[in-house]
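Asks: With the sequences and hints as input, model every part of the structure.
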Amino acid sequence: MSDIHFDYVVIGAGSAGCVIANRLSADSKMRVALVEAGESDRRFPLNLKVKLPFGNIFLLPDDRYNWKDEFIASETGPDRRIPCPRGKLVGGCSAVNGTVYMRGHSSDYDEWEALGNTGWGYTDVLPAFKAHENSALNVNHAYHGTDGELNTGTVPTPNEISGALINAGAEAGHDAVMDFNGPQQDGFGLFSVNQKKGMRQSSAEAFLSPIRKRKNLTILDQSLVEKINVEEGRAKSLTITRKGQRQTIHAACEIIVSAGTINSPHLLMLSGIGPKSELEQHGIDVIADLPGVGQNLQDHPSVGVAFEDIAGKTLALSLKTLPKLAIQALRYMLTRKGVFASNVAEVGGFMRSRKGLNRPDIQITYLMGLKTAASFVPRKHGFVALVNICRPNSRGRIELKSASPKDRPTLFANFLDTQEDVNTLVAGIRGIREIMTKPAMAPYVGKELQPGAQVQSDEDLQAYVCSTVATVYHPVGTCKMGPDTDPMAVVDPQLRVHGIKGLRVADASIMPNIVAGNTSAPAMMIGEKAAAMILADHVQSARTADKTATTTHAA
Numbered sequence: 001m002s003d004i005h006f007d008y009v010v011i012g013a014g015s016a017g018c019v020i021a022n023r024l025s026a027d028s029k030m031r032v033a034l035v036e037a038g039e040s041d042r043r044f045p046l047n048l049k050v051k052l053p054f055g056n057i058f059l060l061p062d063d064r065y066n067w068k069d070e071f072i073a074s075e076t077g078p079d080r081r082i083p084c085p086r087g088k089l090v091g092g093c094s095a096v097n098g099t100v101y102m103r104g105h106s107s108d109y110d111e112w113e114a115l116g117n118t119g120w121g122y123t124d125v126l127p128a129f130k131a132h133e134n135s136a137l138n139v140n141h142a143y144h145g146t147d148g149e150l151n152t153g154t155v156p157t158p159n160e161i162s163g164a165l166i167n168a169g170a171e172a173g174h175d176a177v178m179d180f181n182g183p184q185q186d187g188f189g190l191f192s193v194n195q196k197k198g199m200r201q202s203s204a205e206a207f208l209s210p211i212r213k214r215k216n217l218t219i220l221d222q223s224l225v226e227k228i229n230v231e232e233g234r235a236k237s238l239t240i241t242r243k244g245q246r247q248t249i250h251a252a253c254e255i256i257v258s259a260g261t262i263n264s265p266h267l268l269m270l271s272g273i274g275p276k277s278e279l280e281q282h283g284i285d286v287i288a289d290l291p292g293v294g295q296n297l298q299d300h301p302s303v304g305v306a307f308e309d310i311a312g313k314t315l316a317l318s319l320k321t322l323p324k325l326a327i328q329a330l331r332y333m334l335t336r337k338g339v340f341a342s343n344v345a346e347v348g349g350f351m352r353s354r355k356g357l358n359r360p361d362i363q364i365t366y367l368m369g370l371k372t373a374a375s376f377v378p379r380k381h382g383f384v385a386l387v388n389i390c391r392p393n394s395r396g397r398i399e400l401k402s403a404s405p406k407d408r409p410t411l412f413a414n415f416l417d418t419q420e421d422v423n424t425l426v427a428g429i430r431g432i433r434e435i436m437t438k439p440a441m442a443p444y445v446g447k448e449l450q451p452g453a454q455v456q457s458d459e460d461l462q463a464y465v466c467s468t469v470a471t472v473y474h475p476v477g478t479c480k481m482g483p484d485t486d487p488m489a490v491v492d493p494q495l496r497v498h499g500i501k502g503l504r505v506a507d508a509s510i511m512p513n514i515v516a517g518n519t520s521a522p523a524m525m526i527g528e529k530a531a532a533m534i535l536a537d538h539v540q541s542a543r544t545a546d547k548t549a550t551t552t553h554a555a
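So for the sequence shown, my numbering puts the first residue at 1; every next one is plus one.
Errors might be hidden in some of the hints.
Here are the computed lysine to aspartate or glutamate pairs in the EDC-like style, where the Cα-Cα straight-line distance is at most 20 Å [unchecked claim]:
| # | residue 1 | residue 2 |
| --- | --- | --- |
| 1 | LYS313 | GLU160 |
| 2 | LYS501 | ASP486 |
| 3 | LYS276 | ASP484 |
It should be emphasised that the hints constitute simulated quantities derived from the structure, not laboratory data. Note that the coordinates shown come from a computational prediction; the quantities given were computed from them, not determined experimentally.
Replies: In structure tokens, the structure reads:
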């Protein structure tokens, strides 16, 4: 076993981890390691698949790049399994997701602060969003940055149907929204995406590619972290397996866990940090009894409403469509525009399930193809409206399967544990059906393919919802942030693990409540804030050390 020494070690090169590694290594005096279980995103042909905006259809079926986790839909209902793909490569989920850049509603963050998380209100997180953004939109500078590393904008050539869907939404009484990351979310419009010149810009591409030559930054890919080693209440090192060899990585200052909503609590529990009874059940020595580790799992439960595209404008692969696709492929190679520059999920919006709500509770994402799973390439023209709940009442949890880091944990989603969540999705289906009846959609929409026009009653729609509910791949919350008065909090508002020194968690797992929208952008923001906190503490520690040395010398 060999030992390697650093000042800071970041576990997980995903949406948050890449930001943190960038910011910490900006100080040439700091030795920073970024440890990733998956492969480098720079290897051929993986690098080409990652850059294609919808290249995830080639990556997610491959267990080299996808952890291939599964949700158990409910602990009390039928044993239905729901795929929960998670990126397993440098870039993490930002390298395999739909590239949608969505921050969430301002009130989401104000609610975080109201729970005792000082410094996490909307006015506090907005500067962190802006710090790394380079928006190509005609933006309101109060909400957007224009000189950061992450390029955002809309897809270069939106599908013709996308415009019709926005117009149909307006005909149904919904506003047209130019910027979902500005002052208004209510309504429909083109989503912002993290792309640059028609290519995906993952967190790794944005934050690691420009700095890979920094001599004080070491990126260790294909390195599975087995355990964080805690000595006398402080996280000191981690044990990894890299290319068949076991190594110990030492951190003189801090270890930052940014392994994601599933892997972060899993690693904490394997390291003896978590619910005492569960750890003892698997023979793991208890370092810190934190009952909230792995609890509070939240996602955006989703159902699809699929329609025939009678105009033939959507993505489909067949002998009939091959000539058009060949032309589009050539167009993309020459101009980085056209169908292949689309992320497929280029348009959507937010609406309310009923009157009297003070903010939207439903998100709609339109897919420009009959694509219901990442491994499925449609053969017929059509499109899907994904209806998901912005802030579900249901909560799930993550449970250890064994004490081995090679065994994936068990994930209980517990979707639709409340009738209110079921009712919200039913209302969303009815809202989509209304939009499809509007004149703007007449040239495009054919028959309803799923659930089908025959499914009309509340009872039938509820049955459809309960039998098909899935995830839009936004799990959060399993290392909940909260003050020490919250018995289920795992980290404090500075993202420090309660009861353990030198250890933080910084990724989507720290969200106390899920945000209304896609979660990659918030994860990057969390990384930005975490890095600022770490650097501030580093400066303070240095000042304290200098003051102590001066006092000692004077004495």
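Asks: Work down the list of hints and note, for each, if the structure agrees.
Replies: Structure-based check of all given hints:
1. For the suggested pair LYS313 and GLU160, the alpha carbons sit about 7 Å apart, so the restraint of at most 20 Å is met.
2. Restraint check for LYS501 and ASP486: the C-alpha separation of about 19 Å stays at or below 20 Å, so the hint holds.
3. Proximity of LYS276 to ASP484 is assessed by CA-CA distance (about 17 Å); at most 20 Å being required, the pair is judged to hold.
When held up to the earlier numbered hints, the structure conflicts with none and fits them all.
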